[in-house]
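Produce the complete structure using the sequences and hints provided.
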Amino acid sequence: MQLTAMDIYKLLPKTNCEDCGEASCMAFATKLSEKETQLDLCTELESEAFTELEAMLAPAVREITIGTGDKTVTIGGDEVLYRYELTYYNPTALVIDIADNLSSDEFQERVKTIQGTEFERIGEILKLDAIALRNASGDPAKFAEAATKLKDTRFPLVLCSFDPEAMRAALEKVGDEKPLIYAVNESNLEEMAALALEYHCPLTIFSPNDLEKMKNISRALRSKGIEDIVLDPGTFVEAGVGDSLDDFVMIRRLAVEERDEDFRFPILGIPALTWLYEKDEVQGGIREATIAATLMNKYADVLIFHGTSIWELIPVLTLRQGIYTDPRKPQAVDAGLYEFGDVDQDSPVLMTTNFALTFYTVEGDIKGKANTYLLVLDTEGRAVDVSLAGGQLNAEAVADLIKETGVEEKVKTRTLIIPGLAAPVSGEIEDESGWEVLVGPRDSSAVPGFLSDLKEKS
Amino acid sequence: MDKISQLLKLLEKTDYLEINEFRMDFDELELQLAPAMQRIMQQAVQQQAVVKQASEIESLEFTPPVQDYPGEVAEVQLGAGSRKPVFLGGQKALYRFEDPQPNPPVVTFDVFDIPMPGLPRPIREHFSDVMDHPGDWAKKAVKEFGANMVTIHLIGTGPKVMDKTPREAAQDIEEVLQAVDVPLVVGGSGDPQKDPVILEAAAAAAEGERCLLASANLDLDYRMVAKAAVDYNHAVLSWAITDVNMQKTLNKYLMKEGLTPNDIVMDPTTCALGYGIEFSIDVITRTRLAALKGDQDLQMPMSSGTTNAWGSREAWMKNDDWGPTDYRGPIWEIVTGLTMMLCGVDIFMMLHPLSVQLLSEIGSTFTKEYLSTDVPDISNWITELE
Ligand code: SF4
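Top line first, the protein sequences correspond to chains A and B.
Number 253 in the numbering used here belongs to position 253 of the first sequence; there are no gaps in the numbering.
In the numbering used here, each number is its position in the second sequence, counted from 1, plus 458.
To be clear, the hints were calculated from the coordinates, so they are not data collected in a lab.
Since this is a predicted model, take the numbers as computed values, not measurements.
Just so you know, even glycine gets a beta-carbon here, dropped at the ideal spot from N, CA and C.
It is possible that some hints are incorrect.
Stated by the list, open to error - Now the stretches of chain A that chain B is said to cover, found in silico as 3 or more residues with beta-carbon under 8 Å: (1) 226-239; (2) 322-330; (3) 386-394.
As the list claims (entries may be wrong) - In the EDC-like style, the derived pairs of lysine to aspartate or glutamate whose C-alpha atoms are separated by at most 16 Å in a straight line are: (4) B:K776 / A:D365; (5) A:K298 / B:D740; (6) A:K279 / B:D740; (7) B:K710 / B:D679; (8) A:K213 / B:D679; (9) A:K403 / A:E430; (10) B:K826 / A:E238; (11) B:K710 / B:D753; (12) A:K149 / A:E172; (13) A:K213 / A:E186; (14) A:K224 / A:E177; (15) A:K151 / A:D70; (16) A:K329 / B:D740; (17) A:K151 / A:D129; (18) A:K127 / B:D779; (19) B:K685 / B:E715; (20) A:K151 / A:E177; (21) A:K279 / B:E844; (22) B:K550 / B:E519; (23) B:K776 / A:D443; (24) A:K367 / A:E124; (25) A:K367 / A:D342; (26) B:K826 / B:E519; (27) A:K31 / A:E46; (28) A:K410 / A:E339; (29) A:K71 / A:D176; (30) A:K10 / A:E52.
Pasting the structure below:
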């Protein structure tokens, strides 16, 4: 149900007054359909048309922001079931839980770990997004006290308690920071709804494995005027994971394909539940990451973790980076000659392909660690092994690249270092280019070492 | 407690409030009422309104969003003769709440015809005692780690590896066939000239055992591979490189050679987690959707070379900031395979026993009906979690 620019144009004033900053109403409509401008920039819209357009432009899944100021994370906003159809919006928020009954030291330590968790990959720092405070003590005062302590962190909050009294106590302290309230169920509906309204906070519905009940609660909340809702259909981590998957998929399908108003909200999963059944740190970590990856693949917009080991979070962060890459953006960098560090006529010459992931990986490995030229071959954005199999990486193309970039005028060497995975065509490249070919490491992390060994030998 | 405090206390607890009565009884106090009092009154009134609304909520029915699919995935049998057969594919829907799939995803353990010193340590740890004999290796995978299938990679036939002859390859196949009774996938060395010859020799040695010959692709003599499969009753792995159209073309060619959709498994290429997995997600999703929509050239089960995950540096590279490789490797393999499984892949080539176990656990739920499993009560997780 992709909205076209034409659908939008029909409702615009068609005066081409340019107030919106676009040359024409049609241009504005095109930008709107691609989510690249804001409807309210059009100054000429009648309120009726505005309301209609606003509804048309609303994403299939409501976009919700947790937190305020510079402590926010936005979730939802999705339009499609499969990323290839458009793109997925707003990466899954990764949240770590913290119990309100930890000792002061343990509490501080955990907050520190959460803040310090990051991982760099292809030029992007991957981080966590929020902290979920758990009312493990069952005591409202403790819950409120712990919430106050979290005010100083750089993270937005999820407040977890089914007890409205505890929730109120915490909201009195941090309600102005717009935390996500977790959660409303059948038995606390009125009180939690009232709190969400009073503090203008988004509210999570907890209805494990019961989408009918979820629909009823959602309808009830919506009829009270609550707009920001998050859905937790229950995370089952053992044999029940099949049910969780079904629940997640059904919710998203209803939102995207049937525009079912009761389900057009972000979905929350809790891989942390793994630790209810698995106490071993390694097994637990591996299982928690597995559940997280499962749910992230099927539409989870928020995931609450208990484990903080970096080795279990890295794969999850990496998966998120991949899934949320915009498939419409070119996956290739410009081909040509790149320089790293101080290069001169004695510098070595490396080669790789113009697949963005490959290029940024190589860049990350040699930047600041080696002084070298890097030839980047146009393989239509394919990785070394893939373009070798597909024929884009071939001897002729490499020879042409050497000629076109004029690298022969810049360096004295006539030795080209190719990726280890390109070894099968090394002979052909020599024949075609007249250069000598040296097969480099299979993984570019070894390039700086490879180059310094080479230097020592010469 | 004075009267006002008593009243405040009382009001806090009541859902319903008789405002008129209250005004009469405490009329004279009205002027002195603290702002707090007024707030509570307002709240009480609000609450009353809320309660009224709640009682009006209708009970809505929920209907699962089940779709109709004009197409279905072919079922491929692997293993016959002296093998216990395994079935792949056969899906009539995308998700199990629509129609549980008839066969669970299958894992096939990688075994090699040479000792493979280059395998990551966490793998070697499990198999170092059997790596000299592919038969023992296969046996261990089946006996100790419950492999549904075994993939024997004839890496040693590579001209630059050991240049083993087709005869030697056939002997290795015979050794593995003797050692286990699960179906086999037979892989070459990746040399486009030699692979068809090797696969033909292997196919002849395993006549009637219905192996999966890996692979036919557009870079080699796929006709020869297809013919070997037809002549000796095997299935063929049809490998295209993240390209739905290339996959279609190759499948068509293979079917021209006499293979049917029940004899073909597709490998749309698994890019590892962090190394382009999103391309595989898109291609595999599109392929399965096309099959269910009725595209007869894509209605075959799919395979994933999940082992690719071990090539990722996050899986093997020593780096203290990333934690021990012992854990990173298996997770990388699981997440890679799992992601492919959730897009519709039916058979997984894998290396690590733990990865295999976790993937199979999740995969085994795909054949069950929605809500047919006993699930634990998780409603107290907030306090139960340690
Ligand atoms: S402001 Fe509105 S009316 Fe004016 S050009 Fe833009 S879209 Fe058209």
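request  = Identify every previously stated hint that the structure contradicts and give their numbers, smallest first.
outcome  = As far as the earlier hints go, 6, 8, 14, 22, 26 and 27 are violated by this structure, in ascending order.
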